[in-house]
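Asks: One-letter residues, chain by chain:
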Amino acid sequence: MWDYSEKVLDLFYNPKNQGAIEDPNQDGVAVVFGEVGSIACGDALRLHLKIEVEADKILDARFQTFGCTSAIASSSALTEIIKGITLDAALNISNRDIANYLGGLPEEKMHCSVMGQEALEAAIFKYRGIEVEQHEDDDGALICSCFGVSENRIRRVVIENNLTTVEQVTSYVKAGGGCSSCGAEIEDLIAAIQQEKELTASRVAAEIATAQAQNRPLTTVQKINLVQTVLQEVRPMLLADGGDVELYDVEGDTVKVVLKGACGSCSSSTATLKNAIEVRLRERVLPTLIVEAVS
Amino acid sequence: MSAVIYLDNNATTQVDPEVVEAILPYLTQYYGNPSSMHSFGGQVGKALKQARVQVAALLSAEESEIIFTSCGTEGNNTAIRAALTAQPDRKHLITTQVEHACVLNLFKQLEKQGYTVTYLSVDHKGQLDLMELEAAITGNTALVSMMYANNETGTVFPVEQAGAIAKEYGATFHVDAVQVAGKLPLNMKISTIDLMTISGHKLHAPKGVGALYVRRGFRFRPLLIGGHQERGRRAGTENVAGIIGLGKAAELAQLHLADVATEKKLRDRLEKGLLAIPNTEINGDRKNRLPNTTNIGFKYIEGEAILLSLDQYGICASSGSACTSGSLEPSHVLRAMGLPYTTLHGSIRFSLSRYTTEAEVDRVLEVMPGIVERLRALSPFNNDQAEWLQDREEALVGAV
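Respectively, the protein sequence lines represent chains A and B. Just so you know, our numbering puts 267 at position 246 of the first sequence, and the rest follows in order with no gaps. Just so you know, our numbering puts 338 at position 315 of the second sequence, and the rest follows in order with no gaps.
For the record, the hints were derived by calculation from the structure and aren't laboratory data. Warning: the hint list may mix true and false statements.
Claimed, not checked - One side of the interface only, derived from the structure: several residues of chain B facing chain A at Cβ under 7 Å:
| hint | residue |
| --- | --- |
| 1 | Thr-139 |
| 2 | Tyr-142 |
| 3 | Glu-325 |
| 4 | Ala-328 |
| 5 | Leu-331 |
| 6 | Thr-365 |
| 7 | Ser-402 |
| 8 | Phe-404 |
Claimed, not checked - Label pairs and their calculated CB-CB ranges:
| hint | chain 1 | residue 1 | chain 2 | residue 2 | range |
| --- | --- | --- | --- | --- | --- |
| 9 | A | Ala-205 | B | Ser-58 | 22 to 28 Å |
| 10 | A | Ala-213 | B | Val-27 | 46 to 52 Å |
| 11 | A | Asp-24 | B | Ala-34 | 16 to 22 Å |
| 12 | B | Asp-152 | A | Gly-150 | 28 to 34 Å |
| 13 | A | Lys-37 | B | Gln-132 | 44 to 50 Å |
| 14 | A | Lys-37 | B | Val-27 | 25 to 31 Å |
Where a beta carbon is used, it is the ideal one built from N, C-alpha and C, also for glycine.
Please construct the entire structure, taking both the sequences and the accompanying hints into account.
Replies: In structure tokens, the structure reads:
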């Protein structure tokens, strides 16, 4: 038997926000649903959102889930997390946020949290008129044909969750869990991603172009990639002044950086540098980014 | 949690109190080694002999045809390996797609070692077509190995007819009867079976003991090499308490064979009640089925969620759904039967025992409709819409 947390069992036995949302046909309020999974895969989620158009905010969220205990609990958790937040904030919700809300999930069940994140994205993209298929597959090759998992989905989950083994990838997106003939390919992909962590500037530039061309919001991973590239450009200037900068974290639109050496010791220069970096990042990546210096 | 309602007897069974009573002195008082030359050990040896008589009686076999093992897995591994060494020149093996993992995975390994294996298919009831066996078997076939009855669906195979075909070609015939011993009468005197596996904990003996029937005259080679225990056919100091328990359990099983009709009545009562819930169906061969087993597909909902819901009421059952195994793929048995995905993921097996009561069955029937209704209300798939029918077709195509 699976070792489920109290929270998982509670949301399974007493789920919150189950069901669909009727369109109230009210001005300024939109209703949309996003869908992932299928009956063949053994789990599927239809996530319904009620959106306040003006504020770009989620007024209500409900779910319909076909799946196991943790799939139902993950869906219910997701609706609790996203009620009342803006769509941009919702796009920053990762599968880890869902798993954390539940007090953790058995690793083999992490795909339930990924399903939540994907349904959320599908719903928001649908609302914003972004082609879901394009995002889902992005021309990425199908790696696992048993569960229909593309290279890009594997990439995303590997990067977002720091996965290092094929078994982990299987637990998160099911890839490799059927006939397991794609195991070697997934292994290669993980190795490639690890190498790519040292991303070349040209590759990131290409990503900016793709994102712009498709007019889609940036994911946290893309933001991190782009911020890294821009910081690489800034670093030589700081180094010249005896300082340095390192990306610490990206949370939503907040970019946390560590300022080192000469820059870190002087509060006025810290403020100046912070602003300089912020301006560059806003210009190159997203106008809404905020830079925060952490020690 | 209320008292446990245990309807998972194909997974394991409660040890009969009489079995416990029979075992206890061999854990406390009579701890001697049956191989010892003193009478303290010797009396244990006598008790083992008695257990062998009891097990042989359940199978209508001779005592010398019984080898005690540690479990069904050991029995199956021993039997299959023994069949290969009996006819080393033959390189073809036949089994079915729905065997237990301890048989299937061994055959997969043997394939890597150069053997050719034919996996016989089953129809939508989980039943074999013996024509397929006839077509596959040749003079190069060393072994035909199949289960007597399937653990998940209870479907009983026509083993004697299959054995007759195996005999015609001089192939060894092995039967995994783990689910059958104690549920259906067995008579090795008039059987085509050469090797047959049984397991203690499926018939109210403890875990960790089993037996392998080896037809007299069969060129048997042991799997475990060592001392002279089991007349050199299974080395290792005997699991004395377990064997005594298996002997007692076999004796009781023989006595209770007559009660199987009652068990079947309860199973039928349960099944009828569950089928009254809309969108349900039986997985298995109703005409040739173990009397204690029912496997029901509850469409549009997922098995693990059903099991956890039953667990709230203390009801124990099992499911062939992917989520229960952690393997991501639903049961190989139900897939081999070509079940549609709408049914596959929501299949629940209830397996009764002689301890099952009518009140327990009625309790399940009382809570099950509400569980199914609640989960269906949560599910986005709650009727036969065209898009899900497409999944059904895919499932059927996948099975071909």
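Asks: Does each hint fit the structure? Answer for all of them.
Replies: Each hint tested on the structure:
1. Checking Thr-139/B against chain A by beta carbon gives a least distance of about 20 Å; that is not within 7 Å, so the hint is violated.
2. Annotation: Tyr-142/B was flagged as interfacial toward chain A, and the flag is violated, the nearest CB pair being 15 Å apart, outside 7 Å.
3. With 7 Å as the threshold, the beta carbon of Glu-325/B comes within range of chain A, its nearest partner Cβ sitting at about 5 Å, so the hint holds.
4. At its closest, the beta carbon of Ala-328/B sits 5 Å from a beta carbon of chain A; the interface hint therefore holds under the 7 Å criterion.
5. The interface hint given for Leu-331/B holds, since its Cβ lies 5 Å from the closest Cβ of chain A, which is under the 7 Å cut-off.
6. The criterion of a C-beta within 7 Å of any C-beta in chain A is met by Thr-365/B, whose closest approach is roughly 6 Å, and the hint holds.
7. Of the supplied interface hints, the one on Ser-402/B holds, with its beta-carbon coming within about 4 Å of a beta-carbon of chain A, less than 7 Å.
8. Among the interface hints, the one on Phe-404/B holds; its C-beta lies about 5 Å from the nearest C-beta in chain A, closer than the 7 Å criterion.
9. Here the CB-CB span from Ala-205/A to Ser-58/B is close to 50 Å, at odds with the stated 22 to 28 Å.
10. A hinted range of 46 to 52 Å for the beta carbons of Ala-213/A and Val-27/B is consistent with their spacing of about 51 Å.
11. Between Asp-24/A and Ala-34/B the Cβ separation comes to about 19 Å, which falls inside the hinted range of 16 to 22 Å.
12. For Asp-152/B paired with Gly-150/A, a C-beta distance near 54 Å fails the hint of 28 to 34 Å.
13. The given range of 44 to 50 Å is respected by Lys-37/A and Gln-132/B, whose C-beta atoms sit roughly 48 Å from each other.
14. In this structure, Lys-37/A and Val-27/B meet the distance hint of 25 to 31 Å, their C-beta atoms being roughly 30 Å apart.
Consistency note: the structure conflicts with the earlier hints numbered 1, 2, 9 and 12.
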